[in-house]
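Visitor: As you go down the protein sequences, you meet chains A and B in turn. In terms of the working numbering, the first sequence opens at residue 1 and continues consecutively. In terms of the working numbering, the second sequence opens at residue 299 and continues consecutively.
Read the hints as simulated data drawn from the structure, not as lab findings. Treat the hints with care, since some could be wrong.
Derived DEER-like restraints, expressed as beta-carbon distance ranges [what the hints assert, rightly or not]:
#1 S32(A) <-> E444(B): 30 to 38 Å
#2 G420(B) <-> F206(A): 16 to 24 Å
#3 G332(B) <-> G125(A): 52 to 60 Å
#4 R33(A) <-> L360(B): 51 to 59 Å
#5 Q373(B) <-> P202(A): 41 to 49 Å
If you're wondering where the values come from, they're calculated on a predicted model, not measured in any experiment. For each residue, glycine too, the CB sits at the ideal point set by N, CA and C.
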Amino acid sequence: MTEPVDPATTETMEPVPPPVSVVSTLIHVIFSRPATIVAVAIIVAFIFLAVFAPWIAPYDPVQQSILATNLSPTADHLVGTDQFGRDVLSRLIYGSRNSLIFGLVSPVLAAFFGTILGVTAGYFGGIPDRLISRVIDLLLAFPELLLAILIAAALGGGFWNIVAVLTVAFIPGFARVARATTLAVKQEPYVEAAVAVGLRTPMIIFRHVIPNIAAPIVVLITLWVASAIRLEASLSFLGMGTQAPNPSWGNIIRDGLNNLFGSPWPIVGAGLLITLIVLSFNLVGDALRDALDPDTSK
Amino acid sequence: MSALLSLRSVSVNFGRGEKALRVVDGVSFDIDVGGTLGLVGESGSGKSVTSLAVLRLIPERLGWSTRGRIEFEGQNLLDLPADKMPEIRGRDIAMIFQEPMSSLNPVMTIGSQISEALFLHGWPNRAKRHARVVEMLRLVGIPDPEGRLGAYPHQFSGGMRQRVMIAMALACSPKLLIADEATTALDVTIQAQVLELMKKIRSDTGTAILMISHDLGVIADICDRVVVMYSGRVVEVADIRSLLQRPAHPYTRGLLESVPRKGQERERLYQVPGSVPMAGSVRQGCPFRARCSVAVDKCAVKMPPMFRFAEDQRAACWVSAEQSNAPVIEDLK
Numbered sequence: 001m002t003e004p005v006d007p008a009t010t011e012t013m014e015p016v017p018p019p020v021s022v023v024s025t026l027i028h029v030i031f032s033r034p035a036t037i038v039a040v041a042i043i044v045a046f047i048f049l050a051v052f053a054p055w056i057a058p059y060d061p062v063q064q065s066i067l068a069t070n071l072s073p074t075a076d077h078l079v080g081t082d083q084f085g086r087d088v089l090s091r092l093i094y095g096s097r098n099s100l101i102f103g104l105v106s107p108v109l110a111a112f113f114g115t116i117l118g119v120t121a122g123y124f125g126g127i128p129d130r131l132i133s134r135v136i137d138l139l140l141a142f143p144e145l146l147l148a149i150l151i152a153a154a155l156g157g158g159f160w161n162i163v164a165v166l167t168v169a170f171i172p173g174f175a176r177v178a179r180a181t182t183l184a185v186k187q188e189p190y191v192e193a194a195v196a197v198g199l200r201t202p203m204i205i206f207r208h209v210i211p212n213i214a215a216p217i218v219v220l221i222t223l224w225v226a227s228a229i230r231l232e233a234s235l236s237f238l239g240m241g242t243q244a245p246n247p248s249w250g251n252i253i254r255d256g257l258n259n260l261f262g263s264p265w266p267i268v269g270a271g272l273l274i275t276l277i278v279l280s281f282n283l284v285g286d287a288l289r290d291a292l293d294p295d296t297s298k
Numbered sequence: 299m300s301a302l303l304s305l306r307s308v309s310v311n312f313g314r315g316e317k318a319l320r321v322v323d324g325v326s327f328d329i330d331v332g333g334t335l336g337l338v339g340e341s342g343s344g345k346s347v348t349s350l351a352v353l354r355l356i357p358e359r360l361g362w363s364t365r366g367r368i369e370f371e372g373q374n375l376l377d378l379p380a381d382k383m384p385e386i387r388g389r390d391i392a393m394i395f396q397e398p399m400s401s402l403n404p405v406m407t408i409g410s411q412i413s414e415a416l417f418l419h420g421w422p423n424r425a426k427r428h429a430r431v432v433e434m435l436r437l438v439g440i441p442d443p444e445g446r447l448g449a450y451p452h453q454f455s456g457g458m459r460q461r462v463m464i465a466m467a468l469a470c471s472p473k474l475l476i477a478d479e480a481t482t483a484l485d486v487t488i489q490a491q492v493l494e495l496m497k498k499i500r501s502d503t504g505t506a507i508l509m510i511s512h513d514l515g516v517i518a519d520i521c522d523r524v525v526v527m528y529s530g531r532v533v534e535v536a537d538i539r540s541l542l543q544r545p546a547h548p549y550t551r552g553l554l555e556s557v558p559r560k561g562q563e564r565e566r567l568y569q570v571p572g573s574v575p576m577a578g579s580v581r582q583g584c585p586f587r588a589r590c591s592v593a594v595d596k597c598a599v600k601m602p603p604m605f606r607f608a609e610d611q612r613a614a615c616w617v618s619a620e621q622s623n624a625p626v627i628e629d630l631k
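Extracted from the complex, chain B is given alone in its bound form (with noise of 0.2 Å):
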């Protein structure tokens, strides 16, 4: 299968100079036609500058810089004139955004909202965006969906609009969705309906999905692949069931340890220790070393590069590269 979405060794600078702070570092990774990927991580890692630098959308006016190449369907999307991206955005990459509850505009009603995106993106017909409208309104499990078409925002429940987000996200069939914690602000009933119907989507309509959540449930339930970030770099990607089984990295280690289990003896959940440590600021060595268990003076010294585990499992750490006697990649080409 051909990536839809490639990163290759994107950066993404706050300032410039000595000062600049790598918010992102060296990220690559694939998306395939159609899959599912999660990209893992806590608050700081990344994972959100990460998504926006694909669309774009980072403010490169307020000293935002983006480098390195992202590939979707072949072509280099920070070689594109700036006038050309609202073009894929919303045609080609949809994204659903954090707050359901303040997404949409309070002042249009939501049948127009939706409409808006069809309208920009080649729907010039009236009747067509309207039946259109109604039928993405049915998909993502709106009742009544002509009657709701004139209704605003505020008469949705936090659940509701999130469906509408992803209606409006999915009017005009993009090959990417890319959800930021398009689950978080929900509670958990309404997450796992959400999650049923992200999947639900996937599977009637072949888009492909990024999946940003710092939960790992909520990556394991929907996606195929995953890659864990820390500190702006990516620390390791598999597959979801040698993540879950066989996780490389020590940091995926404490994410899965710290995740809540039914039937558990423990008192108090695990937690890594420390705190993540400000993006950029870790300029020698492993950024992880100092709440890592394992840590050995290596670690300290030089940035570990990727290490292959398995087919299609690799992780940044030395320790574990040596404990598995793992090779180094070469070139992530």
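Bound-form chain A, shown alone (with noise of 0.2 Å):
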């Protein structure tokens, strides 16, 4: 060897591997479990009744008809009738609508607000931590349920106010998750490296804080996807939730509790249908939870 070597070039060097893609190790993650594979079909199916619900569901939802109260399923009613003689089926396929939206809609609002509370807490410590903390505290001793009756009851019913309901019903969860990965992140060396290139504070929080804290707020939003899905139930059951006649899987089942003798088919129906989406969003829950995490991956 006559020619100088960069020392550089000497030192061996892994081929760059493929970046292994989250996508990538989702999809792994789901179809090494049969579970999560009928999971993720339900969501799948689910979510596509709820959006093509006017051109699948048989009959008009809230149409009554004395003719054909409390029928057993039959050819013509899958699911049989209620007291009004509404279809059971249609009524199940146009309550996911509800379930959906309120569903996906709170849990996404609980997060941006939550991360935004809990970042601000962690990060800056001091009066801002102890304000927001124990505001999360106070509220995180109200079980969701209790809490979000409490402001149903101030509020009343409607779309927007049941989305907020749930939305702040979810908050101390995210700002809990949220203030202490951002306490975990804020120690790590390089955030301090990016003070010392000069960034400001704003900047370090959008660029390095949040998106190291990401992977588990995303986890945690499926996960309460389907508490929302129950939430939002057990309010329309109560009667503050959707207001019949629209129908909801909640109120479906407040209604059917009045004429179980008559017909106990809307309550087997959305009972069944309610146990199902909310198993399957929590095992689908687990399984982000598996593939984001990286302790639990390997």
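These two chains come separately, so use the hints to put the complex back together.
Guide: Spelled out as structure tokens, the structure:
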């Protein structure tokens, strides 16, 4: 060897591995568990039903018929009819729209506000932290359903009120997680390095802190989707959510309860669907957590 | 040569009032334009805190405070309003940290991380930034810099990450580079490569370097002057030749003794007996006296001032000063 060798090129370098995308990890995790595949299929079918409800539902969900009350399942009415002669299947299909909208909108909104609060508390510490943390503690002291009932009773029903109710009920969970992960990320040398490079606080938060706490927040969103669906059903069941005659799984059960001996089909149908969907979202949430959390995926 | 950075009686306290811990006590030294200064000492001697104080990265809200003067190009950084510091950080004074494995944001590509520093300090043009990032990566010896821009930190080895950190620090052509144990976490061959790189950068760009290390071998390799710290105080400042050939302070002698040498007969490596007292716990006398083999009664009573041993060598030791008849330095100006 006569030529001088650049020390950098002699250092053993692995060839650049193709970047392992989150999506491919996710697909791998989902398809390695049969239960998760089923859960994903159920969720896809559920979203499909909700989006295309007007085309799929055989009848108008609010149309009553004195001639066809309390029917057992027949070829015409696959899940029977209720005490007003409304087709239960159509009501269940339309009811999925409420569950989907509330189930998705409120966790996402709660994640947005909860992250702002949590990051503020975690990053700045001191007085902002104490203020935010105490309010969060206060909210956490109430079970979500109780909190939701309190707010719903004060505000009344209506779409945005229910969204607001569910959002407020979920904010504490997100704020807690965001605060805790921010506290950890704040200690990381790359945050100190960012300060040393001359970054100002807002840029550090948006470019270095939030991207690094995104994974647990995303997992939390999927886990809360199930809870949001459950809570919306509970509120509607208690008469504080979706108002009759509009169908929601919660108020289908409520209406059915008064007529349990006339026709059990609304309760059976809606109850089964709620169980199935909540279970499916929880299973997918677990899979997502395993895919995004570096500690459990290895 | 005029000083680029000069510290005068810099003290860093933790806490206030009676209970305050003086972690760094009256530290003074200069770095010339384009010079390299080594800062050595054991863990807990205050070297990292001193370097953080220069960039004002000391968390003041947690009860830390810095006193004295830290003059950079004639301007006292401690007098600057806090919102002016980000303009200095990265552009005039850049820093490389100890942990190359975690000093890069795992969710950002290395290209955008280097680019970020440039964007902050007057490089609004995207294409020019891109060209500069490629140039910097090439300078620090990353093969295929164009292709590596989109790579994430986990795709690099530790040595390569430290190169990326150096590229990031040098991107804005700082006048001073502070390297806080920049090679400590690397194995010896990579360490040698990174040191070669820093020497090359120094001669290519004229960037002054403040090298912090507990390893005198590393310091001797790259620095022309050395500051030895012990328990938050400067015990000896000298050019590297004087320090290696005629160390004035017994602590410096101890440090030199404990460096392993090729062909050394001794079975066990020398160690300075005892351990470093907690910073600020010694309030009277010389902080090193408990571990010093030559300590006399006077050492327990009064903290020795700086004595001049040679043109560019000063040390704080009563015994050595008496032996070599060194005059006390009245005022460091």
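Visitor: Enumerate the violated hints, using their earlier numbering and listing them in ascending order.
Guide: Numbers 3, 4 and 5 - these are the hints that the structure violates, sorted from lowest upward.
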